[in-house]
Every structure is written in C-alpha cells, then in structure tokens.
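> Letter by letter, the chains look like this.
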Amino acid sequence: MDQSTEHTVVCRGVSKVYRQDAVAVPALTDVALEIPKQDFVCLSGPSGSGKTTLLNLIGGLDRPTSGEISVDGRRIDLMDKGELAELRLRRIGFVFQAYNLIPVLSARENVEFVMQLQGVSAAERAARARAILKEVGLEGLEDRRPGELSGGQQQRVAVARAIVSEPSLVLADEPTANLDSKTAENLMQLLRHMNTEHSVTFVFSTHDKLVMDFSRRLITLRDGRIVDDVRRE
Amino acid sequence: MTITLRLAWRNLWRHPRRTWLTAAAIAFSAMLLVFMITLQLGAYDMVLDNSLRIFTGQMQIQRAGYLDKPQMRTTIPDARRLAQELRRATGLAAVAARAQGFALAASGTRSYGVPVIGVEPEHEWRVSTLPHVIKSGRYLAAVDAREVVLGAALARNLKIRVGDELTLLGAGKDGSTAATVLPVVGLFESGNLDLDRQLVQLPLVTFQDVFSMDGDAHVIVISGDSLDDMGRALTLVGAHMPAGPNLVLLGWERLIPGLKQLIQADMVQNWFMYISLIVVVTFSILNTFLMSVLERTREFGLMLALGARPLRIGGLVLLESTLLALMGLAIGIALGFCIALYFYFTGFSFPGMKEIHAQFGLPGVITPKISLLTLTLGPAVIFAFTAAASLYPALRIRRLAPVDAMRTV
Ligand SMILES: Nc1ncnc2c1ncn2[C@@H]1O[C@H](COP(=O)(O)OP(=O)(O)O)[C@@H](O)[C@H]1O
Ligand SMILES: [Mg+2]
Chain A
1 MDQSTEHTVV
11 CRGVSKVYRQ
21 DAVAVPALTD
31 VALEIPKQDF
41 VCLSGPSGSG
51 KTTLLNLIGG
61 LDRPTSGEIS
71 VDGRRIDLMD
81 KGELAELRLR
91 RIGFVFQAYN
101 LIPVLSAREN
111 VEFVMQLQGV
121 SAAERAARAR
131 AILKEVGLEG
141 LEDRRPGELS
151 GGQQQRVAVA
161 RAIVSEPSLV
171 LADEPTANLD
181 SKTAENLMQL
191 LRHMNTEHSV
201 TFVFSTHDKL
211 VMDFSRRLIT
221 LRDGRIVDDV
231 RRE
Chain B
1 MTITLRLAWR
11 NLWRHPRRTW
21 LTAAAIAFSA
31 MLLVFMITLQ
41 LGAYDMVLDN
51 SLRIFTGQMQ
61 IQRAGYLDKP
71 QMRTTIPDAR
81 RLAQELRRAT
91 GLAAVAARAQ
101 GFALAASGTR
111 SYGVPVIGVE
121 PEHEWRVSTL
131 PHVIKSGRYL
141 AAVDAREVVL
151 GAALARNLKI
161 RVGDELTLLG
171 AGKDGSTAAT
181 VLPVVGLFES
191 GNLDLDRQLV
201 QLPLVTFQDV
211 FSMDGDAHVI
221 VISGDSLDDM
231 GRALTLVGAH
241 MPAGPNLVLL
251 GWERLIPGLK
261 QLIQADMVQN
271 WFMYISLIVV
281 VTFSILNTFL
291 MSVLERTREF
301 GLMLALGARP
311 LRIGGLVLLE
321 STLLALMGLA
331 IGIALGFCIA
341 LYFYFTGFSF
351 PGMKEIHAQF
361 GLPGVITPKI
371 SLLTLTLGPA
381 VIFAFTAAAS
391 LYPALRIRRL
401 APVDAMRTV
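Each protein sequence line maps, in turn, to chains A and B. Each residue of the first sequence is one higher than the one before, starting from 1 at the first, in the UniProt record's numbering. Each residue of the second sequence is one higher than the one before, starting from 1 at the first, in the UniProt record's numbering.
Only chain A is shown next, with the shape it has when bound in the complex (with noise of 0.2 Å):
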C-alpha cells in the first residue's frame, strides 16, 4: 500500500526559487516531509526562513519549483490551475494572517460562501454556518460584518469558513500575528478543539513562543530548509 494515503502532506526534495528582476531568490531548498492524518503542526522559523512558501505550496496555491508534493496521495505538483481551484475548494482550509474575510458579507455569508461555491444548497448552507459559528463561540454575532467584529472575533470566523466543509487540511499562516496573547491562545485552543473534533490534519505557522507551545510537532525552517522537527507529545 501507498504510504501516502496514510499521510495527508508528502512532500520530496521540494524546492521553491522566485524570479524577482533576473535574480533567483531561493526560498525552500530541498524540503522533505510527511504529516500523518489529524496531526497538529506548527512550522516555526524566523522571518524570511520559508514559512509562508512552504504553506502555499501545500495548499496549492503556488507551485514549487521541483520536487513532489502529494495532498491525501493525490500529486499536487501535477495538478492544472482548475484542479487546484478544486483541490482548495474541497479538501483545504485556509486560515490567513489578515483580511481573510469579505468585507461586505456577515459572518455567516462569509461562511457560506465557500459553501455556495461548493455547490451547496441554501438550506443545509445555512444550518452548517450556524452550528459551525456556534461551535467557534460567535453565536449570536451571526450577522455582523467584519468591520464589526474584533480582530480576534474575525479570525474565529476564518476558523469556521476553514472547517465548515469538513475538509482533511487546514492551513494557518501566522493567523496570531495580529492577536494579543490572550486573544492568540484562546484561538490556539479553538484550533486544538477543531483537530480533535473535526480529525482536521492542521499546519499553522507562527514566530511566536506561547503559539509554538500548542503544537504536537514542531518543524523548525531556517534559511528554507527543515533544521530541525520534533514531536513533542
């Protein structure tokens, strides 16, 4: 048996190389890595080490410049821009460090949207968005739109957008960044629960100690490369 049908991210000697003004800056060298189902990741690593790189081309929003990536044993790598649009759409979650969220929709609109282009029907849309809303603690807050939320109110509701359509892989890029501590590990906590509940696999990235603190397994990158990755249960 294919052991990437156990692992929910595989990725081989991926690399990743931006073209900026006839220089190549590379951004991940030769990145080798498994995460099994339902695991709880935390890619740390300073400024410019690769993080946000590495995140995006898990996610299939970018794509590496060699090596193989498989998301649920499927080859991303392989993938023509409509598979990725459909890989995204179904199967990941995305949590962004800021303006994650539509400005004009509510909470709940923002939640079905993903939903409405899921192909989702109005009804069942609605009961989700609800449940979900509610399971993220912003019951009640429904149908206010970002700009009356707080920072840390709007990133619950990327947190229910993320998991509402049940998918294998959330991915969180620093979405503290803009939180304070108290704000980040009530959030940090909201995340754990999801991975519990939901059996999500989640990678998230941050700089931030008390966030590292949360992870099961901590990957560190520096300079684009993987210097060290521990478990730490």
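Just so you know, the hints here were simulated from the structure itself, not pulled from any lab data. Possibly wrong hints are sitting among the right ones.
Claimed, not checked - Among chain B residues calculated to face chain A with C-beta under 8 Å, some are: (1) R6; (2) G307; (3) R309.
Computed from a prediction, not measured in an experiment: that's the story for all the values here. Every residue gets a Cβ at the ideal spot worked out from N, C-alpha and C, and that includes glycine.
Given the coordinates of chain A, work out where chain B with the ligands should sit on it, guided by the hints.
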C-alpha cells in the same frame, strides 16, 4: 437572494458617490437618447404621414408592371366596382380609384405637358389632402361631371382662373387622340410645389370617356385611418386582394422609394451622433469599473485562494456592472419618458421651425413617438456598450494568481 447577488449589490454601495455618479452618467445619456429617438421617429412619422396624405396614399393596388413602366394600357379593369368591393370587404373607408395619364394642357396663350388624373370625387377626399386645400373655387362635384381642378401655380403659369376653360390634348388607352375642353372649377394649393405646378384632376368617368378607358383605371389608392393603422390596413387589403388579372399591392416604400432613403440617410447620421455620445460615456464607465476591480485585487485573491474560479469572480464583476447599468438605465428611461410625454401633449418646436415647416405643408410642432421601441432602443445600445466595457475588467481577473493578488496592498 443568492449570496452572489447580495455581494454584488453591497459592493456597489462601498462607494456610494462613485456609484451614483456613474449611474447618473448612464441615466443622463439614456434620457438624452430616449428623448432624441422619440423625437426623431416622431418627425419621420410626421413627414411620412404628410407625404402619404397629400396624394400617394399608404398603399396602392396596380396592375403588375405599371409601377416601373406606367403605360396607359396597363390598367385595372372595372376599377370603380373593385374599389367598391374592397371598401365593403375590408371596412376601410379611404379607398379610391384613379386613372392617370399625360396630356398637353393649354390655355389661350400657353401650354404645358402635365400629368392628368381621373379621380372619384366622393372618395378622393379620404385618400388625399388636395380636395381640402382648394384656394379658389371648389373641388370636383361628381364622378361624371365635365370639369377640372388644377394646381394654383400651374394656373398662374397658364394664366387662367376659375371660370376659364382648359384644353387637354393627349393619347387614349387605345392610342387614339384624346382631346377635350373643360371649365376650371377650382385651384388647389398644397404647399407641395411638384403637385401645385403640374397636376390636373378631372372626374374619373369623364377621364375614362376622354381617354377611351372603358371602365378601366390605373391605381386604387388605399390608406388606413392613421399611420399607426397602416400595418393593419395592409394585412386587411392583402387578405382581400381581388382575384383579378395580375394585380399587385404596393406599400409606400415601393411607391416613394426616395422618401425611405431620405429617412434612412437621416437615421444613419443621427446614429453616428448617438454612438459618439455612447462611446464617450462608455469610456468613463470603463474607468469606474477598472478602478473598482483594481482596488479589490486582494479580495479577489482571497476568493481565488478559497477555490473560487476566475470565471465566477468575473461573473460577479459583470453582475455588479449590470446592476449599475440597469439602475442608471431605469432612471434614464423614466426621465426620458417623462420628457417625451410632456412634448407628446404640448408638441415640440424650436424657434423658426414653424415657418420652415409651413413651407412644406407640415404641422408646426413635432409629436414624439412613444413606443416600446423608441423608449428602449437607445438604452439597449447603451447597455450593450457598458456590458462590453465591463467585460475587460472581468476578463482581467483570469490573469490573477491568488498568492500575488493577496500580497497586494
Ligand atoms: N513573491 C516573491 N518574490 C520574490 N521573493 C519572495 C517572494 N515571496 C517570498 N520571497 C522570498 O522568499 C523567502 C521566504 O519568504 P517567506 O516564505 O515569505 O518567509 P516567511 O513566511 O517565513 O517569512 C524570503 O527571502 C522572501 O524574501
Ligand atoms: Mg510569512
């Protein structure tokens, strides 16, 4: 309401002032076009109606071939009875038979070659305005009266007056010489110089007698109650065409092709102006659309990252511009309709127009033509242009890559 529709609508109101300004530009151009097109088509109708009323009628029945080669012997046999039957069968009142020939019209001192028309006086007044514009004397009395009326200008040229006699000399249907002397009982002045300078009319039976026509005539002139009624009249007559020898029904476009060309030429000229206006407005709208797309690059990047297809986001942009355009057009049509309605009741004219129109026997004011077509044609063209303009920003989204887009500030 679907989320996409809500999204589009709310996006419009992120910049209320910009949205209103754009809608106002669309509304203004739509209003202008509605007003100008209703007026333009109203003017065409007026010119057409007047041209047809004077003499030609809205349609004619002729013997096939007569239009291209109007020969004396290309006749409709038993034309008066045919006209009578047509009146009865169709219910149309304005049906009259005419015979048409050429003759040398001579007074004591002068002579001119002129068209001579034989008419049914009791019906002619319904298909032609000439019986209504008698400037001196009276119109022809009966279908068999031995008398003539002629254009006032022609009478001046011939130096004759009501009460004088006119000598007509021509060739009959069978080629025999046709000659008669008839008293002038009236002079008409229509404002149409061609008619006033040339035309001689005499009663049909007298004409048939003089020109050896038996009971024949050349045309049956038919008109509906009004220009709007023309379509109905045409179908009616078409359905009741006498199963006679080789008769054809000809609409005004065939009878006066020059008039149609004149209208078309004017139409082209006007549309050139309209399109210029629309293009200018379209560019300002394109600018707005582009701005609204560029400033949301990051948001579109987010949507792409979440798995939305570029086509779907492009569709959103198109929906936004469509909503905006429809809003502007609705306002523009409403305003344009109000203006057209106002002039529909008061009549539109500009200084000096009455005098010019009077020379051609036209009414002093133009009545705008209000119809579904005149109200929506201009706005529909604006809509097509704005849709085309919003296609460009919508298609640009295909070029967005999610990561790059989200990095944009
Ligand atoms: N679009 C890009 N073009 C050029 N260089 C880039 C681009 N994105 C990232 N980089 C470079 O790649 C390296 C890794 O960046 P990144 O993945 O954003 O690191 P991190 O998220 O850990 O801060 C950095 O040197 C950065 O400057
Ligand atoms: Mg980063």
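> Each hint: holds or not?
Hint-by-hint comparison with the structure:
1. R6: With Cβ-Cβ at 7 Å, under 8 Å, it holds.
2. G307: Status holds, d = 3 Å.
3. R309: Hint holds; B:R309 Cβ to chain A Cβ min 6 Å, cut 8 Å.
Hint compliance for this structure: no hint is broken.
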